[in-house]
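Engineer: With chain A fixed as given, assemble chain B onto it according to the hints.
What follows is the residue order along each chain.
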Amino acid sequence: MTDLLKIGLSALLAQQRALGATSNNIANANTPGYARQRVEFGERAAERIGNGFVGTGVDIVSVRRITDDIAARQLHTAASSFTRSDVFAGLAAGIDNLLAADETGLNITLQNFVNAGQDLADDPAGIPARQVLLSEGRNLVSRFQMFDRRLGEIGNETSTRIRAAVTEINGLGESIATVNQQLLASGVPPGAQLPPDLLDQRDRLLGRLAELVRVETAEQRDGTLSVFIGSGQALVLGTTSSSLMAGPGEFNPAQTDIAIVGSGGAAVTITQFLSGGELGGLLDFRREMLDPARADVGRMAVGLTETFNQIHREGMDLNAQLGGDFFSLSASQVFPSRNNTGAATVSVSVADIALLQPTAYRFNFDGAVFQMFRADDGTPVTLSGSGSVADPYLADGLSIVVNGAAAAGDRFLLDPLSDAPGTMNLLLNDAAQVAAAAPIRSRVAVANVGDATISPGEVADVTDPNLLATTTIAFLDPNTYSINGAGAFAYTSGGDIVVNGSRVQISGTPVAGDQFIIESNAGGVGDNRNALRLSGVLDLGILDGGGTNLQASVGQLISSVGSQTAEVMNQRDAQGLLLQQAEQALDSVRGVNLDEEAANLLRHEQMYQAAAQTISVADTLFQSLLLAVRR
Amino acid sequence: MRVSSNTLRQVFLNALEMAQRQIVETQTQVSTGLRINQPSDDPIDAARIRELEASLSRLDQYQANGVIARNRLSLEEEALVGVVEHLQRVRELAVQGNNATQGLESRRAIAAELGERLDGLLSLANSADSAGRYLFSGFAENTQPFARSGGSVVYNGDQGQRSLQVSDGRFIAVNDPGSELFQRIPNGNGTFALAAAPANTGEGVLGAGTVTDPAAYVADTYTITFLTPANYEVRDSGGGLVVAATYADGDTIGFLGTEIQLDGQPAAGDVFTSTPSTSQDVFTTVQNLITALESGADDTLVQNNVGQTLQDIDQALGRAIEVRTDVGGRLGSLDGEAGLNEGFTVQLTETLSEIRDLDYAEAISRLSQQLVGLEAAQQTFARVQGLSLFRFL
Chain A
1 MTDLLKIGLS
11 ALLAQQRALG
21 ATSNNIANAN
31 TPGYARQRVE
41 FGERAAERIG
51 NGFVGTGVDI
61 VSVRRITDDI
71 AARQLHTAAS
81 SFTRSDVFAG
91 LAAGIDNLLA
101 ADETGLNITL
111 QNFVNAGQDL
121 ADDPAGIPAR
131 QVLLSEGRNL
141 VSRFQMFDRR
151 LGEIGNETST
161 RIRAAVTEIN
171 GLGESIATVN
181 QQLLASGVPP
191 GAQLPPDLLD
201 QRDRLLGRLA
211 ELVRVETAEQ
221 RDGTLSVFIG
231 SGQALVLGTT
241 SSSLMAGPGE
251 FNPAQTDIAI
261 VGSGGAAVTI
271 TQFLSGGELG
281 GLLDFRREML
291 DPARADVGRM
301 AVGLTETFNQ
311 IHREGMDLNA
321 QLGGDFFSLS
331 ASQVFPSRNN
341 TGAATVSVSV
351 ADIALLQPTA
361 YRFNFDGAVF
371 QMFRADDGTP
381 VTLSGSGSVA
391 DPYLADGLSI
401 VVNGAAAAGD
411 RFLLDPLSDA
421 PGTMNLLLND
431 AAQVAAAAPI
441 RSRVAVANVG
451 DATISPGEVA
461 DVTDPNLLAT
471 TTIAFLDPNT
481 YSINGAGAFA
491 YTSGGDIVVN
501 GSRVQISGTP
511 VAGDQFIIES
521 NAGGVGDNRN
531 ALRLSGVLDL
541 GILDGGGTNL
551 QASVGQLISS
561 VGSQTAEVMN
571 QRDAQGLLLQ
581 QAEQALDSVR
591 GVNLDEEAAN
601 LLRHEQMYQA
611 AAQTISVADT
621 LFQSLLLAVR
631 R
Chain B
1 MRVSSNTLRQ
11 VFLNALEMAQ
21 RQIVETQTQV
31 STGLRINQPS
41 DDPIDAARIR
51 ELEASLSRLD
61 QYQANGVIAR
71 NRLSLEEEAL
81 VGVVEHLQRV
91 RELAVQGNNA
101 TQGLESRRAI
111 AAELGERLDG
121 LLSLANSADS
131 AGRYLFSGFA
141 ENTQPFARSG
151 GSVVYNGDQG
161 QRSLQVSDGR
171 FIAVNDPGSE
181 LFQRIPNGNG
191 TFALAAAPAN
201 TGEGVLGAGT
211 VTDPAAYVAD
221 TYTITFLTPA
231 NYEVRDSGGG
241 LVVAATYADG
251 DTIGFLGTEI
261 QLDGQPAAGD
271 VFTSTPSTSQ
281 DVFTTVQNLI
291 TALESGADDT
301 LVQNNVGQTL
311 QDIDQALGRA
321 IEVRTDVGGR
331 LGSLDGEAGL
341 NEGFTVQLTE
351 TLSEIRDLDY
361 AEAISRLSQQ
371 LVGLEAAQQT
381 FARVQGLSLF
391 RFL
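Sequence lines, in order, name chains A and B.
Numbering (the numbering used here) for the first sequence: 1 to 631.
Numbering (the numbering used here) for the second sequence: 1 to 393.
What the hints contain is simulated information worked out from the structure, not anything from laboratory work.
A few of these clues could be false.
As the list claims (entries may be wrong) - Just the calculated beta-carbon pair ranges, DEER-fashion:
#1 B:23 x A:570: 35 to 45 Å
#2 B:101 x A:496: 51 to 61 Å
#3 B:23 x A:142: 11 to 21 Å
#4 B:361 x A:228: 30 to 40 Å
#5 B:95 x A:476: 40 to 50 Å
From the three backbone atoms N, C-alpha and C, an ideal C-beta is built for every residue, glycine too.
Same shape as in the complex, but just chain A (with noise of 0.2 Å):
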């Protein structure tokens, strides 16, 4: 009899454990992390009757926690992955829209610009077409400060994130050594069923931690989760978490560094070895595309402001003076790092366009000798010269002059194109200082007998002090001529012939006296030969070793930038797939099916019910029992 009950009352107290069981499941069924928990029975030892044995009830042997490790570990690589693609497809999608724009296309920026130049070669000797030009080389100067001023702040919304995704890292960190505490602390013995709710919790911490940085963990013998992060940097170990800290680059300050702070104390920059979530989205953006842009926008800078300048100085403005510099930059930047400890110090400048390379470099010194790399790929770069004023390093186009001892191990950085667009400015102010004409004409004397003609003559040195002076070309006879009464000469008809900066041939049979005169072309405001030079700079190969244009170099950057977004677009699309994937992959273990749920509710409900009605029956047979003996 009272094992009748005492089986019942069994029952009865675990089918209202499995009941609750259930009902916490139907009531963390939307909780995000949440591992749906069940009851599991066991049957209580037999007592021995006689030969045989009954049974003695129903015990709850535990409460599991059903999950899936492996598939959690799957979805927190996936989740990574995707954060990282999506971080970085956002902000891709930033530069490709700021391309896409009409109003900030540069290639019709630049078409106007030579439009203008075009307008001046119209009509040389008017003001108002050389105010235009004027005009058009200013947006041409915002048009290139505002991709700078955009990539910079796109530049600075990464540094922000990057330095906010550390703070989280540090917050979840510590969480999780606070949770490994709090495991550690509930007393339950090696093996056994651990808190639940902590391990959810610990769950929802590393699964948000890995949409920030790929981790990889470690479960340890005692419950507790050990994190490691980049190149195996331990972030939590056991209780005790170690602190990032997003600081100002070793080279550019405006460049940030992540670090990893160990117990003691010392930093070490791990920039390079994270990758995955948020912060690898966001550095992987930085190195990837942002970089590049910025100094393939430098480099059109550079060709632009340097070939548009040479040209402008080989012609005569208004006043007729040499034309000056049209546009101003600094292609200079120069980063020792911090570390350094000698006393060198780089300068750098552009020396040959059309071998210019849109990348930084690394400029490292062993003791012996400077070394040089790509910063983007790494790629080592061969250095001529020594470094002197006199003969500077060559390399890509560079120029590197070294001052000062460097010590072994002294790093510089050289980045002499990112920040060149945001220091172009427009060098003229006044309309008449335009250089539209040549600064030399030529004439044919008017006695001349025979019917050789003189070419309109051209700058070979803009540099000779004599350019603008007087040249006659006297023949002494049909073969022979003289240069301002000086020397004989043999002639050849169609030929070169270069004196004092200037460059002319002659044609045709001339006569002995016949005379040809170079001069100064002061008064030739009609003359439009330098402003068709100067429209003609977008046709000029001056990239790539003179294989590239500006116009093909823009419509380079609008291709690369716009299928680089493609791909981390499509990566992401992908991985968002994969992330889908991995989140049905855990849920399908560990989620709640509210169906199912709804059939243990009926199903616990009944055995309770039959329990109860066990119960009831010892009761009837008690009832029985105490009616047979009543008197």
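Structural biologist: Okay, now just chain B, sitting in the frame of chain A:
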């Protein structure tokens, strides 16, 4: 596989989200009318669009340059037509004045009209466009090219010639310097010029000189002296005898690859000279004509002077016609280039539209298909979510 309630909902939500994203994309395309809204939509074509737009802008610029070149050349052509008219009239007047029946009075009247023509030529040579830029002063557009100075006309411009770009690699010159048009014109027949000495007493009138053998001609001043009316000798500048021959009325005098026509009977001691051609500006030529007609010298000398000046006028006229023809040719080239540019523009615009613009029919049908998908997803979601065992408890 076991499916959790959350998964069930999430899967539907993902499907809805995807459908909505596609609809937004299509909607953006439809509302902008563009197939490519970001470089990432089609990286290669996005770059091409920008380059095509730049090319179109460049073609527009060429067309604008072409219009300016046309205006400049039309102005020049107009001026040249005037120059040719004046020179033809000058030539007529010279022929008229050369007639032996003319008296001094009528020659003076002719000279007066020539003076008017000279002023007309000078004014044409100083033509300017609407902005006051001189057409014939070379690069020195702000400098008046021709000015009178002590009885002659001097050129103050230079020999510059400006070209405008009218298509890729094609440049058209839009001016001709006055030095070439008016100033550097060889006198005589272009190789040598003839003159009769003012002191001649005979009636020999020089005709045209011709070069029959250019290789045999040596440039020098040759003096033809009649020793008797029937005998002459030709000596070079050094006094060396070139040829000595007999002469009868109407004979040609020939030496060193040249032939000189002489009419009438020269007297003994009459001298004629042949000098190598030099540059002579058109104003000097007309002025010489006026001087000859006003001189009141004897008829033979007037006829000699006027007759030889006629040759100079022909040279100037030839030059003016040559330049005018050249300008006409350049105007023709402009037409050709404008046509080509227009063709290119049409072609590029078509290509641009093909790459950039949206195929509306395709996009609309895509949109309605996507909408159907969205609706279906929404409906199944509502129905599946409505199914729950709890409803039956």
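Engineer: A separate judgement is required for each hint: does it hold in the structure or not?
Structural biologist: Here is what the structure says about each hint:
1. B:23 x A:570: 35 to 45 Å: With a Cβ separation near 20 Å, residue 23 of chain B and residue 570 of chain A fall outside 35 to 45 Å, so the hint is violated.
2. B:101 x A:496: 51 to 61 Å: holds (60 Å)
3. B:23 x A:142: 11 to 21 Å: violated (38 Å)
4. B:361 x A:228: 30 to 40 Å: violated (57 Å)
5. B:95 x A:476: 40 to 50 Å: Between residue 95 of chain B and residue 476 of chain A, where Cβ atoms are some 43 Å apart, the hint holds.
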